[in-house]
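Top line first, the protein sequences correspond to chains R and C. FYI, the numbering used here numbers position 138 of the first sequence as 138, with every residue one higher than the one before it. FYI, the numbering used here numbers position 118 of the second sequence as 118, with every residue one higher than the one before it.
Just so you know, the hints here were simulated from the structure itself, not pulled from any lab data. Only a predicted model underlies this, so the values are computations on that prediction, with no experimental measurement involved. Treat the hints with care, since some could be wrong.
In the EDC-like style, the derived pairs of lysine to aspartate or glutamate whose C-alpha atoms are separated by at most 16 Å in a straight line are [said to hold, decoys possible]: (1) C:Lys244 x R:Asp70; (2) C:Lys22 x C:Asp65; (3) R:Lys187 x R:Asp163; (4) R:Lys187 x R:Asp170; (5) R:Lys26 x R:Glu142; (6) R:Lys52 x C:Glu241.
Which chain R residues stay away from chain C? Per the calculated CB distances, all over 12 Å, these [as the list claims (entries may be wrong)]: (7) Asp19; (8) Gly49; (9) Ser55; (10) Gly56; (11) Val68; (12) Pro76; (13) Ser79; (14) Thr87; (15) Cys106; (16) Arg108; (17) Pro113; (18) Asp170; (19) Val201; (20) Ser204; (21) Pro207.
So the derived label-pair ranges between C-beta atoms look like this [said to hold, decoys possible]: (22) R:Lys26 x C:Gly15: 36 to 42 Å; (23) C:Phe37 x R:Val14: 48 to 54 Å; (24) R:Pro155 x C:Thr103: 49 to 55 Å; (25) R:Pro113 x C:Gly19: 43 to 49 Å; (26) C:Leu169 x R:Thr57: 54 to 60 Å; (27) R:Glu117 x C:Gly186: 41 to 47 Å; (28) R:Ser55 x C:Gly186: 58 to 64 Å; (29) R:Lys26 x C:Phe110: 51 to 57 Å; (30) C:Ile228 x R:Asp190: 36 to 42 Å; (31) C:Gly186 x R:Gly12: 48 to 54 Å; (32) C:Leu161 x R:Val14: 36 to 42 Å.
Cβ atoms here follow ideal geometry from the backbone N, Cα and C, with glycine treated the same way.
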Amino acid sequence: MLRVNGLRKSFGPVQAVRDVSFSLEKGRTTALLGENGAGKTTTLKIILGFLKQDSGTVETGAGRIGYVPDHPVFLPWLSGKAFLDLTSRSSGLGGPNWAAGVRRLCDRLLFDPALLERRPGTYSAGNAKKFACLQSLAIVPELLVVDEPFSALDPPSIKRVRDLFAETRDRGAAILLSSHMLAEMVKISDDFIVIRRGEVVARSGLPEFLSRFRPAGAGELESAFLGLMRG
Amino acid sequence: MLEKNIFPLTVRLTGLKLGASKFSLALAAFLPAFLVFLGVRTTYGTAMKFFLFFFPYVFLVAAQDMVGTEVAGGALENVLFLRGGFRRYLWQKNFALAAAAATYAASLFFLATLWGVACGKFDPFSVPQFGLGLLAGFYYVGAAGALSHFLKAGSNVVVILLVQAAALLGLLFSATSRTGFIDHLGTGKFPDLGSRLLFVGFTAVFPNLIVSPRLLRGGFTVAAGLVILLLFQKALVRRLELRK
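Given the sequences, and given the hints that come with them, work out the whole structure.
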């Protein structure tokens with residue numbers, strides 16, 4: 001579904017990403033882990049076409065791609081409804097099914113449909129995040145990329161979003177999540193990719209990841225992650 | 001981006017943005033009202049001259065904040081603009097804006113033409129003048145779009161207006177005799193290389209000048225400038241990244 005090969009990206013003298021390679025399979029959720037400044041968001045933005053890599057390739061077979069940024073920002077002159085209208089037109093998924101799908105997603109995300117009449121710029125951080133999820137899930141993505149999926153969300157909303165991501169994965173989509181919330185990642189992810197200083201230092205399924213990197217006597221993933229970050 | 005052809009989205013977004021701009025809507029309502037007022041209080045010919053000279057500013061107002069705020073604010077990091085779609089959107093916005101402003105201007109010109117025909121004062125030469133005014137308008141979009149890569153909000157338009165004001169004041173205060181550049185502008189004859197170059201520069205700052213029957217040759221300057229501005233914008237857009 002997605003194949004990333006040898007990505008490199010520098011911002012002036014700072015090498016943000018150096019030789020990042022991985023691939024995502026259909027029906028799998030992959031967590032991209034790393035400390036602040038490790039190169040996670042840069043990698044995501046290259047995959048999505050917002051940044052240009054200095055070298056390397058990104059190949060995707062996904063027709064519809066969903067994207068939820070860490071802090072979603074929206075064009076200020078559009079209402080939520082207008083945004084969804086444009087999204088449906090662009091995806092070719094309009095009609096009664098679209099409207100029903102949006103209503104269902106609003107309900108599942110605990111998102112008040114009345115907010116759609118307002119501009120997303122006026123939403124709270126949590127509702128802006130939910131709206132970005134709503135927009136991306138409504139297009140029934142084949143590849144879903146999410147940066148810090150649970151930031152700004154309250155616990156009930158986190159569970160709802162997690163369940164929706166699981167359903168999306170079970171439908172056959174590939175999901176790439178970038179997050180610091182390791183406990184949540186364990187609940188939802190099938191595979192883990194760890195980036196350190198712009199390089200992939202580990203890539204495996206959860207059992208292998210824990211058995212390989214968890215220090216003796218330490219806890220679960222967080223300890224494994226911290227151990228790996230220390231090198 | 002969800003579709004490879006993003007132009008319909010660009011057109012809709014541009015239309016919605018213009019519709020949400022109170023200043024643009026106020027100008028769109030004010031201009032025809034003022035033209036009617038001018039035509040009634042003075043003459044039809046005066047109103048038409050005013051329209052032909054000033055309607056390119058409709059393009060300029062429409063082109064405020066074409067790029068800067070959207071890129072810097074992070075609003076283009078959206079599902080709608082994936083896979084480089086934001087670059088196509090920003091580039092195509094030139095044409096969507098120009099088309100919207102041209103449609104509005106052409107509607108006003110059509111009504112003004114009907115008015116002129118009805119009162120027997122329509123001058124057919126105003127048709128090519130209108131065409132040159134459209135060229136000036138497109139030039140404004142190209143210039144404002146290029147500036148908007150470096151400036152936020154409506155400051156791209158403000159900069160153009162300030163440059164025009166400075167050029168006008170500079171011209172007025174430097175004209176020491178009636179045989180100077182102002183006279184050349186009045187006659188449309190530029191006898192030496194210096195005055196011709198000055199005319200080229202002045203036309204680049206005041207593209208509206210080309211609607212004057214004596215200054216039509218400035219159209220070549222404006223057309224060349226438009227091509228250069230669009231090529232410059234194309235290069236800027238091609239290397240643009242969303243680094244918020």
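Structure-based check of all given hints:
This hinted pair checks out: lysine 244 of chain C and aspartate 70 of chain R have alpha carbons roughly 11 Å apart, not beyond 16 Å. Using a Cα cut-off of 16 Å, the hinted pair lysine 22 of chain C and aspartate 65 of chain C holds, with the two alpha carbons roughly 14 Å apart. Between lysine 187 of chain R and aspartate 163 of chain R the CA atoms are separated by roughly 10 Å; this keeps the pair inside 16 Å, and the hint holds. Taking the CA atoms of lysine 187 of chain R and aspartate 170 of chain R, the gap is about 14 Å. The hint holds against a cut of 16 Å.
Straight-line distance between C-alpha atoms of lysine 26 of chain R and glutamate 142 of chain R comes to about 8 Å, which keeps the hinted pair within the 16 Å bound. At roughly 7 Å between alpha-carbon atoms, lysine 52 of chain R and glutamate 241 of chain C fall within 16 Å of each other, so this suggested pair holds. For aspartate 19 of chain R, the condition that its CB be more than 12 Å from all CB atoms of chain C holds, with the nearest at approximately 20 Å. The claim that glycine 49 of chain R lies off the interface is violated: its Cβ sits roughly 4 Å from the closest Cβ of chain C, which falls inside the 12 Å cut-off.
Chain C leaves serine 55 of chain R outside its interface by the beta-carbon criterion, the shortest separation being 15 Å against a cut-off of 12 Å. The beta carbon of glycine 56 of chain R sits about 15 Å from the closest Cβ of chain C, which is more than 12 Å, so the claim that it is off the interface holds. Once the 12 Å rule is applied to beta carbons, valine 68 of chain R is inconsistent with being away from chain C; the minimum gap is 9 Å. Non-interface status of proline 76 of chain R relative to chain C is broken: a Cβ of that chain comes within 12 Å, the nearest being about 7 Å off.
Chain C draws serine 79 of chain R into its interface by the beta-carbon criterion, the shortest separation being 9 Å against a cut-off of 12 Å. The beta carbon of threonine 87 of chain R sits about 6 Å from the closest Cβ of chain C, which is not more than 12 Å, so the claim that it is off the interface is violated. Its beta-carbon lying about 17 Å from the closest one in chain C, cysteine 106 of chain R satisfies the requirement of being farther than 12 Å from that chain. Here arginine 108 of chain R stays apart from chain C, with its beta-carbon at least about 18 Å from theirs, past the 12 Å limit.
No beta-carbon of chain C is positioned within 12 Å of the beta-carbon of proline 113 of chain R; the least distance is around 19 Å. Every Cβ of chain C is farther than 12 Å from the Cβ of aspartate 170 of chain R; the closest lies at roughly 21 Å, confirming the non-interface assignment. With a cut of 12 Å on Cβ distances, valine 201 of chain R stays outside the contact zone with chain C, its closest approach being about 25 Å. Every CB of chain C is more than 12 Å from the CB of serine 204 of chain R (nearest about 28 Å), matching its label as outside the interface.
Every beta carbon of chain C lies more than 12 Å from that of proline 207 of chain R, the smallest distance being close to 33 Å; the non-interface claim holds. In this structure, lysine 26 of chain R and glycine 15 of chain C meet the distance hint of 36 to 42 Å, their C-beta atoms being roughly 38 Å apart. As the Cβ distance of phenylalanine 37 of chain C to valine 14 of chain R is approximately 60 Å, the hint placing it in 48 to 54 Å is violated. In this structure the supplied range 49 to 55 Å holds for proline 155 of chain R paired with threonine 103 of chain C, their Cβ-Cβ distance being about 51 Å.
A hinted range of 43 to 49 Å for the beta carbons of proline 113 of chain R and glycine 19 of chain C is inconsistent with their spacing of about 23 Å. The hint said 54 to 60 Å for the Cβ distance between leucine 169 of chain C and threonine 57 of chain R, and at roughly 55 Å that hint holds. Checked against the hint of 41 to 47 Å, the pair glutamate 117 of chain R and glycine 186 of chain C fails, with Cβ atoms roughly 56 Å apart. For the pair serine 55 of chain R and glycine 186 of chain C, the beta carbons lie near 60 Å from each other, so the given range of 58 to 64 Å is met.
Against the hinted window of 51 to 57 Å, the Cβ-Cβ separation of lysine 26 of chain R and phenylalanine 110 of chain C comes to about 56 Å, which satisfies the hint. Checking the proposed 36 to 42 Å range against isoleucine 228 of chain C and aspartate 190 of chain R shows it is violated: the Cβ atoms sit about 53 Å from each other. At roughly 53 Å, the beta-carbon separation of glycine 186 of chain C and glycine 12 of chain R lies within the given 48 to 54 Å, and the hint holds. Distance hint for leucine 161 of chain C and valine 14 of chain R: a CB-CB separation of about 39 Å, consistent with the stated range 36 to 42 Å.
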